[in-house]
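*Asks:* Here is how the chains run, residue by residue.
Number of protein chains: 2
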Amino acid sequence: MLALSLDMGGTHIGCGVVRDNELLGSASLDSERARSLESLLPRITEVLRTLLKDSGVTAEGCDGIAIGFPGIVDVRNGRILSTLKKYEDAIDLDLKQWAIEQFGLGLRIENDARMALLGEQYAGAAQGVQDVVMITLGTGIGGAAMMLGKLVRGAHAQAACLGGHMPVNYRGQKCACGNVGCAEAEASGWSLPRIVRETPGFDKSSLASAAQIDFQTLFAAARKGDAVAGAVQQHCLNIWAVNAVALIHAYDPEVVVFGGGVMQSADVILSFVEGHVRTHAWTRWGIPRVCAAMLGGNAALLGAVPLLSENLPTL
Amino acid sequence: MLALSLDMGGTHIGCGVVRDNELLGSASLDSERARSLESLLPRITEVLRTLLKDSGVTAEGCDGIAIGFPGIVDVRNGRILSTLKKYEDAIDLDLKQWAIEQFGLGLRIENDARMALLGEQYAGAAQGVQDVVMITLGTGIGGAAMMLGKLVRGAHAQAACLGGHMPVNYRGQKCACGNVGCAEAEASGWSLPRIVRETPGFDKSSLASAAQIDFQTLFAAARKGDAVAGAVQQHCLNIWAVNAVALIHAYDPEVVVFGGGVMQSADVILSFVEGHVRTHAWTRWGIPRVCAAMLGGNAALLGAVPLLSENLPTL
Numbered sequence: 084m085l086a087l088s089l090d091m092g093g094t095h096i097g098c099g100v101v102r103d104n105e106l107l108g109s110a111s112l113d114s115e116r117a118r119s120l121e122s123l124l125p126r127i128t129e130v131l132r133t134l135l136k137d138s139g140v141t142a143e144g145c146d147g148i149a150i151g152f153p154g155i156v157d158v159r160n161g162r163i164l165s166t167l168k169k170y171e172d173a174i175d176l177d178l179k180q181w182a183i184e185q186f187g188l189g190l191r192i193e194n195d196a197r198m199a200l201l202g203e204q205y206a207g208a209a210q211g212v213q214d215v216v217m218i219t220l221g222t223g224i225g226g227a228a229m230m231l232g233k234l235v236r237g238a239h240a241q242a243a244c245l246g247g248h249m250p251v252n253y254r255g256q257k258c259a260c261g262n263v264g265c266a267e268a269e270a271s272g273w274s275l276p277r278i279v280r281e282t283p284g285f286d287k288s289s290l291a292s293a294a295q296i297d298f299q300t301l302f303a304a305a306r307k308g309d310a311v312a313g314a315v316q317q318h319c320l321n322i323w324a325v326n327a328v329a330l331i332h333a334y335d336p337e338v339v340v341f342g343g344g345v346m347q348s349a350d351v352i353l354s355f356v357e358g359h360v361r362t363h364a365w366t367r368w369g370i371p372r373v374c375a376a377m378l379g380g381n382a383a384l385l386g387a388v389p390l391l392s393e394n395l396p397t398l
Numbered sequence: 084m085l086a087l088s089l090d091m092g093g094t095h096i097g098c099g100v101v102r103d104n105e106l107l108g109s110a111s112l113d114s115e116r117a118r119s120l121e122s123l124l125p126r127i128t129e130v131l132r133t134l135l136k137d138s139g140v141t142a143e144g145c146d147g148i149a150i151g152f153p154g155i156v157d158v159r160n161g162r163i164l165s166t167l168k169k170y171e172d173a174i175d176l177d178l179k180q181w182a183i184e185q186f187g188l189g190l191r192i193e194n195d196a197r198m199a200l201l202g203e204q205y206a207g208a209a210q211g212v213q214d215v216v217m218i219t220l221g222t223g224i225g226g227a228a229m230m231l232g233k234l235v236r237g238a239h240a241q242a243a244c245l246g247g248h249m250p251v252n253y254r255g256q257k258c259a260c261g262n263v264g265c266a267e268a269e270a271s272g273w274s275l276p277r278i279v280r281e282t283p284g285f286d287k288s289s290l291a292s293a294a295q296i297d298f299q300t301l302f303a304a305a306r307k308g309d310a311v312a313g314a315v316q317q318h319c320l321n322i323w324a325v326n327a328v329a330l331i332h333a334y335d336p337e338v339v340v341f342g343g344g345v346m347q348s349a350d351v352i353l354s355f356v357e358g359h360v361r362t363h364a365w366t367r368w369g370i371p372r373v374c375a376a377m378l379g380g381n382a383a384l385l386g387a388v389p390l391l392s393e394n395l396p397t398l
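These protein sequence lines map, in sequence, to chains A and B.
For the first sequence, the numbering used here begins at 84 and goes up steadily by one.
For the second sequence, the numbering used here begins at 84 and goes up steadily by one.
The set of hints was computed from the structure by calculation and includes no laboratory data.
Given the structure is predicted, the values throughout are model-derived calculations rather than measurements.
Please note that a few of the clues may not be correct.
Claimed, not checked - Only pairs whose alpha carbons sit at most 27 Å apart, straight line, appear in this in silico DSS-like list of lysine-lysine:
{"#": "1", "chain 1": "A", "residue 1": "K179", "chain 2": "A", "residue 2": "K233"}
{"#": "2", "chain 1": "B", "residue 1": "K257", "chain 2": "A", "residue 2": "K257"}
{"#": "3", "chain 1": "A", "residue 1": "K233", "chain 2": "B", "residue 2": "K233"}
{"#": "4", "chain 1": "B", "residue 1": "K287", "chain 2": "B", "residue 2": "K307"}
{"#": "5", "chain 1": "B", "residue 1": "K136", "chain 2": "B", "residue 2": "K179"}
Said to hold, decoys possible - Covered by chain A, according to a simulated footprint, are these stretches of chain B (three or more residues, beta-carbon under 8 Å):
{"#": "6", "region": "318-326"}
{"#": "7", "region": "360-367"}
To be verified - Covered stretches of chain B (chain A as the covering partner; in silico rule of three or more C-beta atoms under 8 Å from a C-beta of chain A):
{"#": "8", "region": "226-235"}
{"#": "9", "region": "259-268"}
Quick reminder that beta carbons are idealized off the backbone N, C-alpha and C, glycines included.
Go ahead and model the full structure; you've got the sequences and the hints to work with.
*Replies:* This is the structure:
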């Protein structure tokens, strides 16, 4: 199967042409300062046309377009139900019309973490496994789950994609979602600066003079022995491990795949989470495998073929 | 459809004859001092025979026997995977053989909270709703979920039945399951006495002289103004509400049904949980209904017909 694929990230839009589990060509389009998704559509069209040409294939030869979108999406009717302060005009855009007019192709749109899970399950770290939980650590914490070979979606399309909003510390930090103590409120990109600043000893930490507090800065400072960085890193590892146990108890997976930029420190993260899962998860059948995503930024793009192949009510 | 139904509780075994959503007859069999399930089988057989007779129906007229069991059960192959210190010999018992020999009937066995959910969904508080979470508050906290009209079971038959083992307080109490801060470790029948005793002021509380500390004692003392009881009751309400939000985020239900003996205080519990869900759950589509189970101790028995009607690989 041949497909066009888009991954709408917070700062970039990934564009790809995929044949089955192979990325024939891809390009990244800066979207940081874009005022709307509509304003980007002409450039997206152009980039996809160029990719088709460079890959030596045609739109007519493709089976459809798949889009990974950062928000709550109902693939069954193609509706974007909730955005996260990015591409807010997407709710009212007729993307199906755009796909037909520009490429003569049908379109499916799905939550981006679900797309990444599909990609990793089809061509990456969870290849061939039917029961998978995906946790993407980034600005927020994205989640997705597959049970018995099917994506978990639920009645209102929001099941499993709120994996980062399991309340793991019920008297903890207020979350952007309205809840308290979500994994995301306790250990994600957006919540990290406040947590670091509120850690005792912050003013004497090397992080006090850092231009930006992100996971890369944090893990680097911890490696250099900074006590505040070390304590916060440990806190984040705890939260991610507990989040993994919550999702293991919820979805009964064989494999938990961690993705996101912070997985550059996969060694530290995986060994801690693995140990915690081994001692804390209630899984009499055995121990779920904990691993890092393999496809990096291409995971969601490679989710295109499994998404388009799925037996769904309508395109 | 006509069926025989068993609900194996910690202290009693419920026995019933059901026709569709109607209980034709039922009886309860004391199992508190039973040394094994095998030793109880002759009495169970006898009780079921009497119930059949009293109901004016025959075993030949029945479509099967359904059993709700307190443990992890794989209905697909009829195997009990894990017991909870009760009926431990059940793992090696050939219950199918018993059902055929004694009644000439096929048998299906399922986790008891899942059976209760089936009953409430078929004939009780969640009648006709396709997306339901059930939380049973008792000695432990049982869980079950139905998504898009199907029970959530997962790869190893343990999905959703660990709903009471969502870690909601990751630095909290050690749980019997090996995890830390599970809802069950924070607010269930078995964990309650320790929590009460560790509450500051306990020695001056009316609970210090109580023969037994259970939810009935706790809620009664709180109503009379006992400060320790009030504080612990509030703690339990918090935990149950947070647990509900975790399961709403996991399974995307329309309805959350609370069951168990403590629902005698349904007014206090539901109004608190409802308020918390309204303000804390991330559900753009609307607000999940929170309600009390309607069928009480008969819920699992009334799950028989939906369980036996399910399209499963083998009986």
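*Asks:* A separate judgement is required for each hint: does it hold in the structure or not?
*Replies:* Taking the hints in turn, this is what the structure says about them:
About 24 Å separates the Cα atoms of K179(A) and K233(A), which keeps this hinted pair within 27 Å; it holds. Between K257(B) and K257(A) the CA atoms are separated by roughly 25 Å; this keeps the pair inside 27 Å, and the hint holds. Only pairs whose Cα atoms come within 27 Å are accepted, and K233(A) paired with K233(B) is accepted, the gap being roughly 13 Å. Between the alpha carbons of K287(B) and K307(B) the distance comes to roughly 14 Å, so the proposed pair stays at or under 27 Å and holds.
Simply put, K136(B) and K179(B) have alpha-carbon atoms about 22 Å apart, close enough for the 27 Å limit, and the pair holds. Counting residues of the region 318-326 of chain B whose C-beta lies closer than 8 Å to any C-beta of chain A gives 3; at least three are required, and the coverage claim holds. Using a Cβ-Cβ cut-off of 8 Å, 6 residues of the region 360-367 of chain B lie near chain A, which meets the minimum of three, so the contact claim holds. Note: the region 226-235 of chain B has 3 residues with beta-carbon separation from chain A under 8 Å; the three-residue rule is met and the coverage holds.
Counting residues of the region 259-268 of chain B whose CB falls under 8 Å from any CB of chain A gives 5; the rule of at least 3 is met.
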